[in-house]
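**Student:** Quick note, the sequences are listed as chains A and B, same order.
Quick note: the first sequence uses the working numbering, first residue 1, plus one each step.
Quick note: the second sequence uses the working numbering, first residue 1, plus one each step.
Be aware that one or more of the hints could be misleading.
In this list, chains with the same sequence are indistinguishable; a pair is considered to hold if it fits within one copy or across any two.
Unchecked claim - Only pairs whose alpha carbons sit at most 27 Å apart, straight line, appear in this in silico BS3-like list of lysine-lysine:
1) Lys128 - Lys65
2) Lys128 - Lys42
3) Lys46 - Lys128
Since the hints were made in silico from the structure, they are not lab data.
Below are the chains, spelled out letter by letter.
2 protein chains.
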Amino acid sequence: MLLADIGNTRIHIYNGKEVIHLSHKEAIEQYADKKLKYITVKHQLKEQLNSLKNWTDISDQIRIKNEYETMGIDRKALCLSHPNGIFVSAGSAITVDLVEEGVYMGGFLLLGLRAYIEAYATISPALKIELDREIVLDRLPVGTREGISYGILNSIKTIIDKHKNRKQLYITGGDGKFLSSFFEEAIFDERLIFLGMQRS
Amino acid sequence: MLLADIGNTRIHIYNGKEVIHLSHKEAIEQYADKKLKYITVKHQLKEQLNSLKNWTDISDQIRIKNEYETMGIDRKALCLSHPNGIFVSAGSAITVDLVEEGVYMGGFLLLGLRAYIEAYATISPALKIELDREIVLDRLPVGTREGISYGILNSIKTIIDKHKNRKQLYITGGDGKFLSSFFEEAIFDERLIFLGMQRS
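With the rest of the complex left out, here is chain A (with noise of 0.2 Å):
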């Protein structure tokens, strides 16, 4: 069975073994006639996947103690992959997620790191830069780009730090990959949601 997560902005497809992303269109040019169980967010997209006979809506499946109402329903699956950890999806913003034992047991949300980036040049023309990725956390900077560079990726990286503890980090979402470079031990694994999604 494949198994859909629909975001604001792309459809994250798992066939079994991999992950394939795809834009709306795409995703719906190429799979209307397969058999697919979904999760969505994108509640403008609704009647228009209503209307996809193969394609089915799990998302009322996906439930987690202690859940709160307005919580996203990627978040709900990536929190249900594991009994116990922190988890964090790093897109277009990225959440952090504690469970225990199964359950949800609260989490905060940060800027994704293009809302970061563009967020610095509203503020000032000064302040455009392009993120240095090979930025080094451990000492402080000097200068403009490394100063933006280091506040964004270190003040994500403190405080969840600050929330590991001894708990498993796992880690999801198009800059997880990245942003699991700066953590020892943390999983990156772009299956999560889905794997959470068949344990519901």
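Here the structure of chain A is known, so what remains is to put chain B in place on it, guided by the hints.
**Tutor:** Same frame as chain A, but now just chain B:
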């Protein structure tokens, strides 16, 4: 002698007792015939400021050992206010700088509180919230508004705490008083930049 710090949106004037915050237009109208020394980051105003015969640009005198070329003049003045410490200016952006024995040791830039809030809203209408200024940072929140407010304020607090060690924390800027409430033993003083100007 009056001192002025000309920022991107306002002019801050120090009369030796208190700091007065005015729009560019208001400040120029009310203070054009007063003797005044200023620093400025607002390059678009340069010609108009030069035409004020009682106003003297002392930006060239503001230098700190180990400064970098594009370092903002207000940051330099702030770092000159005390020979040792960690200096936070919480305005449109939040700058965090370390000074040891009068030497600039580096620093980084975070988004200002308003820039954070506006950036979340650009990601999704579901993330458009007002900052919860009563948020408690010692327990993990549940909910969107709480999760965003916690993410903003605790990522700022945690990375500043990480760099504080046993140094004195000095805070200034429009959001400085509010931010200082999250730190024990922080000194909030809106005169810091002017103390730096006096000492240069």
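**Student:** Compare the structure with each hint and give your call.
**Tutor:** Comparing the hints with the structure gives:
| no. | hint | verdict |
| --- | --- | --- |
| 1 | Lys128 - Lys65 | between (42 Å within a copy, 26 Å between copies) |
| 2 | Lys128 - Lys42 | between (30 Å within a copy, 16 Å between copies) |
| 3 | Lys46 - Lys128 | between (37 Å within a copy, 22 Å between copies) |
Violated hints for the displayed structure: none, as all numbered hints are satisfied.
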